[in-house]
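Asker: Knowing the structure of chain A, use the given hints to seat chain B on it.
Just so you know, the protein sequences line up as chains A and B, in that order. Note that our numbering gives residue 288 to position 288 of the first sequence, counting from 1, and the numbers run on in steps of one. Note that our numbering gives residue 27 to position 27 of the second sequence, counting from 1, and the numbers run on in steps of one.
Where hints are given, some of them may not hold.
As the list claims (entries may be wrong) - Covered by chain A, according to a simulated footprint, are these stretches of chain B (three or more residues, beta-carbon under 8 Å):
id: 1; segment: 47-60
id: 2; segment: 70-76
id: 3; segment: 86-96
id: 4; segment: 121-131
id: 5; segment: 180-193
id: 6; segment: 235-242
id: 7; segment: 388-399
As the list claims (entries may be wrong) - Residues from chain B that keep clear of chain A, each with C-beta distances beyond 12 Å, as calculated:
id: 8; residue: 28
id: 9; residue: 427
id: 10; residue: 436
If you are wondering where the hints come from, they were derived from the structure by calculation, not from laboratory data. All C-beta atoms in this analysis are idealised placements derived from N, C-alpha and C, irrespective of residue type, glycine included.
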Amino acid sequence: MTDTANRQASASTAEGELLELAVRVAGSAHDGEELEVYVSRGVETDVRAYEGEVESLSSAASAGVGIRVVVGGRQGFAYAGTLEESVIRQTLADARDNAGFATADEHVGLARPDGVPAPSLDLWDEDVLRTPSADKVEMALELERRARNADTRVRQVAFADYGDMAAEAAVASSRGITATARRTVSSVAVETIVGEDTDSQTGVGFSAARGPGDLDLDKAVADAVERSTRMLGAAKARSGRCVVVLDPRVTSTLLAVVSSALSGEAVTKGRSLFADRIGEQVAVPSLVLVDDPTDPRSFGASTHDAEGLACRRNVLIEHGILRGFVFDTTSGRRAGVASTASAVRGGYATTPVAGCRALLLAPGELGLTDILSDVGEALFVQSITGVHSGVNPVSGDFSVGAEGLMVRGGVLAEPVREVTIASTLQRMLQAVVHIGSDVEWLPGVAAGQTVAIDGMALSGS
Amino acid sequence: MSNAGSATGLLVETPVIERVLGKALQRGGDFAEVFVEDRHSTSAVLDDGRVEELSSGRDRGAGVRVVVGETTGYAHTADLSESGLLAAAEAAAAVARQGGGGRVVALERRDAVKRNEVAQLPEEVAKARKIELLVRADEAARASGNAISQVSASYGDGRRRIQVANSDGLLVGDDQVRTRFSVSCVAVGDTGMQTGYESSAFTVGFELFDTVDVGEIATTAARRALVKLTARPAPSGEVPLILESGSGGILFHEACGHGLEADHIAKDASVYVGQVGELVASPLVTLVDDGTIGPEWGSYAVDDEGNSAQRNVLIDNGVLTDYMWDYLRGRKEHRGSSGNGRRQNYRHLPMVRMTNTFLLNGDAEPDEILAQTPTGVYVAKLGGGQVNTTTGDFVFGTVEAYLIEDGRITEPLRDANLIGNGPEVLRRIDAVANDFAMGPGTCGKDGQSVPVGCGQPTLRITGVTIGGTAGD
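For reference, chain A alone in the conformation it holds in the complex (with noise of 0.2 Å):
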């Protein structure tokens, strides 16, 4: 399995290879036509080890092409899962054929080249095809053995996984765009299931990285064994009005949805609690929000957008007050700015969109254990359920499910389930006490730390 993955990548990073395809591919444009092609291929491996044995171990390699084609105003678009190229023809046929049933729209076009030098960033670890497969195992079943033996009232380990992929991609354009990106992703989670009498609980801890080297089994560990034993005897609480402590990993995850708010896509069809709102206060004035896709590290790092534009810092909301949106080129020129270099897409098989990948909130002074002391009462949240059917942001509708501790005296005491904490984002942005100075880079489009925001609807028994 090693020797075939090896060679895939061997293959897959030999230079250039992608973006000659691309550009070979963009060349055949007709007149009065833009053609875009973003072709790209990946490797990952996936092991789950369970008690004591590797229960899966997966080995993949793919790659597929995406075909934007751009006539009048019409854009049509095609994808396929290989790089043939018959397959290639045939899709580039398909995107053309396709272009003809759009409406015609002047805002409609692809990326042109803008000047902006790419920031130079090493998001690549060759180890994450180096290192042998076996090593790989191994580190998963370690991950399960220390999960096993890190706590007497660990039952079960839902899973340890061990899991990497390293990806390559390229676009080019008729309008003279070509770039590449690459990465690589490496990570170790696991979920504890921990027990007293018949009460169970669960945790989930994870440690990611650019390469198999700098993984943390002990830190995923304990994560999942803190978060699984402090939940044992848990309880509703009563309902009313508090301040919530969000750990950093709830703070990510509200991020990226209040991310889908701030991108030019739903500014300008209208679809956004923000829209209109340039230049107003939206949040408390210690509020400052950056999506830097330049900052290496962000997992959302990339040296080019989806359209081959260079990434580049923009600032969204300073000091409180709406700043900017991120854009695409067909949303920018929908609003009559310049595209940010915030296309991103969900692969080869999807048009880009503009979209943040790489958000931060300035962070404060404070770090939790302060933030606890200095709110004294209040609900600790340290996992969000429902957070796809509970906050819509273009009403700003805001309703979870939640579990956490409730914080006494400035300190955590006992563990609470089965609640929901409601608002709405544009109040809870205006209620931020606090903060926090523990940012953690984690998976996903946002980095988080701990925020406290009052005035929260808990509901509970």
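Answerer: Below, chain B without anything else, positioned relative to chain A:
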């Protein structure tokens, strides 16, 4: 039945498959499987008054699985040539260490029992007709009220041909055609913006639109957004709840469906471990998972391990009768699969998944249930949900809900999440009506999404916690 699996040519020829299975077991192993998939899809989106894009795609590939004791090796490839498949087999076989060849039984081709006929393959329908549906939906939504400020309509079809062969001699194929349509709307009023959504999705071809009116889908979505412009905040705390028929099958999907998946059971990660034969719900609850119901969104002829879809009674008059099983979990318990082994596509290992999961009819009249509920919340439509199978705690969001006062539906409520504990909520069902209906959904588990159906008649739960903000 021009496109039935049995009548379709194989994606990969039998002798090639046999050699690939042989390669997969060359280093030993108990079981090997080749899963081949060829998928075509089309989607079209109209947004902001314009047809934004028509997209078509093709994904084709195969996954090879080798099971050795408790260990599974898996590798996939987009290369369906014999050499591509053999390379995947070799990679998957790396988990086998003992040497010596495993045994492959000669493949015997089986015909899948098709559950419904596809009258009109979407790929044979002119693209212009698909676009026409979008335009009609946009017009209908905008005609619903001046407050409708934005409309997005989405059409999608997919044809998924699969072929599964394994070392036990199984060789079977299926040809799954699915078609969907959805509309989402934004309405603007003095209180800000509100959203509404409605969809229709079935395991059928383009004939879906012979019976489903896209204008109706659009006006339903628009109505949901409009009605919430005057909505008051949902209550906060525990309330009696009525779920309208077909509005909230997701409740059962989350409250107990996931907890009855045998992979969670095997790892003690479910509140339903060891509960077979026990009363786990109100005696009014009979819950079924059934992948054989012709056109429903979660139906298929065979699952992604080649086993025929089945009707499985999970809870019978409140008593837990069985879990749902895939090949691997069934084998461990020396029993067969229940036809619930599914995967998103060839890049993934199969696991235990639901098909169409629903609560059977009771004998109450829906109007009577409402009349006999002095106060509470009436849910006309639920959104998504999520569950922790170990604790049984789950949430699901309302997207259309009303206050119940004096046994009547009164004011609309803003969206909120409901939270409860599976076994507790199942015991609190005290009325089930006779007006069963189903709807489509997408179920996510461990990073894989599959189409599922959910359904229930109108029913009442004596108490569920609703997470509103009322009291401001």
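Asker: With a Cβ-Cβ cutoff of 8 Å, does the segment 235-242 of chain B contain at least three residues near chain A?
Answerer: Three-residue rule met by the segment 235-242 of chain B, so holds; n is 3.
Asker: Please check whether the segment 388-399 of chain B has three or more residues whose CB lies within less than 8 Å of a CB on chain A.
Answerer: holds (count 9)
Asker: Is the Cβ of residue 28/B farther than 12 Å from every Cβ of chain A?
Answerer: holds, 15 Å
Asker: Within the segment 180-193 of chain B, is the number of residues with a Cβ closer than 8 Å to a Cβ of chain A three or more?
Answerer: holds (count 4)
Asker: Confirm or reject the coverage of the segment 47-60 of chain B by chain A under the rule of 3 or more residues with a beta carbon closer than 8 Å to the chain's beta carbons.
Answerer: Per the Cβ count (14), the hint holds.
Asker: Does the claim that residue 427/B lies outside the interface with chain A hold up, using a Cβ gap greater than 12 Å?
Answerer: Non-interface label on residue 427/B holds, nearest chain A Cβ at 15 Å vs cutoff 12 Å.
Asker: Taking 8 Å as the C-beta cutoff, is the stated coverage of the segment 70-76 of chain B by chain A satisfied by three or more residues?
Answerer: This one holds; 7 residues, not fewer than the three required, reach chain A with a Cβ under 8 Å.
Asker: Establish whether the coverage given for the segment 121-131 of chain B by chain A is satisfied; the threshold is a Cβ-Cβ distance below 8 Å, and no fewer than three residues must meet it.
Answerer: holds (count 3)
Asker: Three residues minimum, CB to CB under 8 Å: does the segment 86-96 of chain B make the cut for coverage by chain A? Let me know.
Answerer: holds (count 6)
Asker: Can we confirm that no CB of chain A comes within 12 Å of the CB of residue 436/B?
Answerer: Consistent with the label, residue 436/B stays out of reach of chain A, its closest Cβ about 23 Å off (over 12 Å).
The structure agrees with every numbered hint stated previously.
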